[in-house]
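Note that the protein sequences, when read in sequence, are chains H and F. Each residue of the first sequence is one higher than the last, beginning at 15 in the numbering used here. Each residue of the second sequence is one higher than the last, beginning at 15 in the numbering used here.
I should point out that these hints are in silico values taken from the structure, not numbers from a laboratory. No incorrect hints appear here.
Same chains, same label: a pair holds when it works inside one copy or across any pair of copies.
No farther apart than 30 Å at their CA atoms in a straight line, the calculated lysine-lysine pairs in the DSS-like style are these:
1. K331 / K249
2. K108 / K228
3. K233 / K174
4. K320 / K51
5. K123 / K233
6. K17 / K296
7. K368 / K51
8. K225 / K123
9. K136 / K305
10. K281 / K368
2 protein chains.
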Amino acid sequence: MEKIFFTPGPAQLYPTVQKHLLEALNQNLGSISHRGKQFQGIFAETTSNLKSLLGIPEGFNIYFTGSATEIWEKSLSSCAGKSSFHFVNGSFSKKYFEFSKDLGLTAHKAEAPMGEGFDISKIEIPSEVEMICCTQNETSTGVQMPVADIHSLKDRYSDKLVFVDAVSSIPHPVFDWSKVDSVLFSVQKAFGMPAGLGVWIVNQKTIDIAKALKAQGHKATPYHNLLSLVENGAKNETPATPNTLYIYLLGKIVADMLGKGVENIRKETSQKANLIYDFCAKSEMFDPFVKHLAHRSETVVVANTKAPAAGIIESLKKENIVLGAGYGTYKDSQVRIANFPALSVENVELMLEKLKKLPA
Amino acid sequence: MEKIFFTPGPAQLYPTVQKHLLEALNQNLGSISHRGKQFQGIFAETTSNLKSLLGIPEGFNIYFTGSATEIWEKSLSSCAGKSSFHFVNGSFSKKYFEFSKDLGLTAHKAEAPMGEGFDISKIEIPSEVEMICCTQNETSTGVQMPVADIHSLKDRYSDKLVFVDAVSSIPHPVFDWSKVDSVLFSVQKAFGMPAGLGVWIVNQKTIDIAKALKAQGHKATPYHNLLSLVENGAKNETPATPNTLYIYLLGKIVADMLGKGVENIRKETSQKANLIYDFCAKSEMFDPFVKHLAHRSETVVVANTKAPAAGIIESLKKENIVLGAGYGTYKDSQVRIANFPALSVENVELMLEKLKKLPA
Numbered sequence: 015m016e017k018i019f020f021t022p023g024p025a026q027l028y029p030t031v032q033k034h035l036l037e038a039l040n041q042n043l044g045s046i047s048h049r050g051k052q053f054q055g056i057f058a059e060t061t062s063n064l065k066s067l068l069g070i071p072e073g074f075n076i077y078f079t080g081s082a083t084e085i086w087e088k089s090l091s092s093c094a095g096k097s098s099f100h101f102v103n104g105s106f107s108k109k110y111f112e113f114s115k116d117l118g119l120t121a122h123k124a125e126a127p128m129g130e131g132f133d134i135s136k137i138e139i140p141s142e143v144e145m146i147c148c149t150q151n152e153t154s155t156g157v158q159m160p161v162a163d164i165h166s167l168k169d170r171y172s173d174k175l176v177f178v179d180a181v182s183s184i185p186h187p188v189f190d191w192s193k194v195d196s197v198l199f200s201v202q203k204a205f206g207m208p209a210g211l212g213v214w215i216v217n218q219k220t221i222d223i224a225k226a227l228k229a230q231g232h233k234a235t236p237y238h239n240l241l242s243l244v245e246n247g248a249k250n251e252t253p254a255t256p257n258t259l260y261i262y263l264l265g266k267i268v269a270d271m272l273g274k275g276v277e278n279i280r281k282e283t284s285q286k287a288n289l290i291y292d293f294c295a296k297s298e299m300f301d302p303f304v305k306h307l308a309h310r311s312e313t314v315v316v317a318n319t320k321a322p323a324a325g326i327i328e329s330l331k332k333e334n335i336v337l338g339a340g341y342g343t344y345k346d347s348q349v350r351i352a353n354f355p356a357l358s359v360e361n362v363e364l365m366l367e368k369l370k371k372l373p374a
Numbered sequence: 015m016e017k018i019f020f021t022p023g024p025a026q027l028y029p030t031v032q033k034h035l036l037e038a039l040n041q042n043l044g045s046i047s048h049r050g051k052q053f054q055g056i057f058a059e060t061t062s063n064l065k066s067l068l069g070i071p072e073g074f075n076i077y078f079t080g081s082a083t084e085i086w087e088k089s090l091s092s093c094a095g096k097s098s099f100h101f102v103n104g105s106f107s108k109k110y111f112e113f114s115k116d117l118g119l120t121a122h123k124a125e126a127p128m129g130e131g132f133d134i135s136k137i138e139i140p141s142e143v144e145m146i147c148c149t150q151n152e153t154s155t156g157v158q159m160p161v162a163d164i165h166s167l168k169d170r171y172s173d174k175l176v177f178v179d180a181v182s183s184i185p186h187p188v189f190d191w192s193k194v195d196s197v198l199f200s201v202q203k204a205f206g207m208p209a210g211l212g213v214w215i216v217n218q219k220t221i222d223i224a225k226a227l228k229a230q231g232h233k234a235t236p237y238h239n240l241l242s243l244v245e246n247g248a249k250n251e252t253p254a255t256p257n258t259l260y261i262y263l264l265g266k267i268v269a270d271m272l273g274k275g276v277e278n279i280r281k282e283t284s285q286k287a288n289l290i291y292d293f294c295a296k297s298e299m300f301d302p303f304v305k306h307l308a309h310r311s312e313t314v315v316v317a318n319t320k321a322p323a324a325g326i327i328e329s330l331k332k333e334n335i336v337l338g339a340g341y342g343t344y345k346d347s348q349v350r351i352a353n354f355p356a357l358s359v360e361n362v363e364l365m366l367e368k369l370k371k372l373p374a
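The following block holds chain H by itself, in its conformation from the complex (with noise of 0.2 Å):
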């Protein structure tokens, strides 16, 4: 019987990544030139494509990095000369904050406790601060800002940047491109893919001012940097040679995604998230760890256990269903269960009627 992966990242692969994978072998991906028509015509579909699954307007533009933890240290090398803010909602989102001490910057941040989210209009933005980086969805803790939320920020703070980590929930948050300047993400989580690529979405205004500060004498890191991927991106291409195989195949998928409909796709996260936090909400055996309703993530579902998470785990590896374990000091306490577009409601329901039968 085949495994279904309900682990946060890397998760269940897409349904179709086998069939793309050998065609693009079929096509001698592995081999082509990333300076040549056939790789840039390849980088033009995959973010034509992104670009259609998730509404961008004119004026952004896709880069690709080798994760989204790339692009957390290529973000605030390039974009931020002074100071950054970080909503710390969990693990993960510390970690950028962590980053943007180590690259010398004044890093400010509203702290959550662990499984709570922000009453966002209560925090206060020092002034100095030039990005602004939300982590809408905690992949740690399954705490989500909620977009309506991340949209205030520009009202309020219009001059500063807004930079969204929506690492395990893109595609399904729907943003006002007018609202954020800047989105990173994955492949491992939604999108159904094998790690190894960082996809940048961003706008006129992020590049404009990465421009002026390396007009000022700032240096970002020569590797990869936000004016770097520019310069090549403007040729469908990148800085250094790229993983094409990875970046044909988020093209395939996203196609097939645009193929089922992205509005289907999200009716059905929203539907399957339902069927999972109900069962925690009946069930004696697992309570949300999130408990305001508004910040609790559709896409990555935590729930504290009441018997050791380890037990759980093995119970259902023994039928095939692999669960995520709680991260950090959660690993014996909790269990993560991911909602990714690549579990079908069947998937869900199979995985839930397994954990009603674990004795209690």
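Knowing the structure of chain H, use the given hints to seat chain F on it.
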């Protein structure tokens, strides 16, 4: 008819790539956790196989990044507090030198005219230099630094770190591991893989110097740096979610190479290089770019063309043979012919037959 790629990277894939990729998908390696035993086993197997293939002794460790270009940045950021020295023998070594300047270091260089190497005994390295960076095989010009020259640097400058970029030659050069501190490469050259993985081999001295710099308050880039790679590598893990599929694939290709025997691979590489250079010497149409025999790369042959290079490349493409174009300003006047292990003697003979039949 199948295409054969003589391009210097991305290059001809190793014949077993598809088989191993399918096996990886079959084992769900695109979905497994990068913090679990299965991944740790893959990491351990790949690094162990590489150590066997390259004869790497105890005391060296191997780490993975997104590309070799990334390792240029991370090596300088982690291991040089003030100053690096670069042997510039082409466009890629020049970029490594420029990365140093962009990171705010004092970068020194010895620069050879394009197509030429160094009389290394005449080159003095300033005392302030902490890292000596050698590009053992310049993919842009086909110039190699003989390993004996690199080893002599350690004899003369035992206090400095000797770093070797062997991107487009390894596993061909036979290093004396007591005379190099760090070797870096990427997988889309002689290992015949799709691009998207860099490999960094380091000894304890390199790690100790990075630790000493950190203790002095030096801040390396936060995403990947040597010490974050070391800390996670001690658990056979990586700092962020890695390209598990490619780490597995590399391990399997190296196992295939071990099955063939590295000595046999090196012998065959020399045999094929001789065939190509002999052809060039006798041809009216081609002339090796690198005149000095000791500086001629065996793995990337660069030849000046009498006729425009584009026409030659186009003619061969009709025969399903893909040659590399000249790099940068040499695009119209040179071809680059890779000679990697994925290409058999028969492949090389076929390619040369086609070249011989071109109209003069």
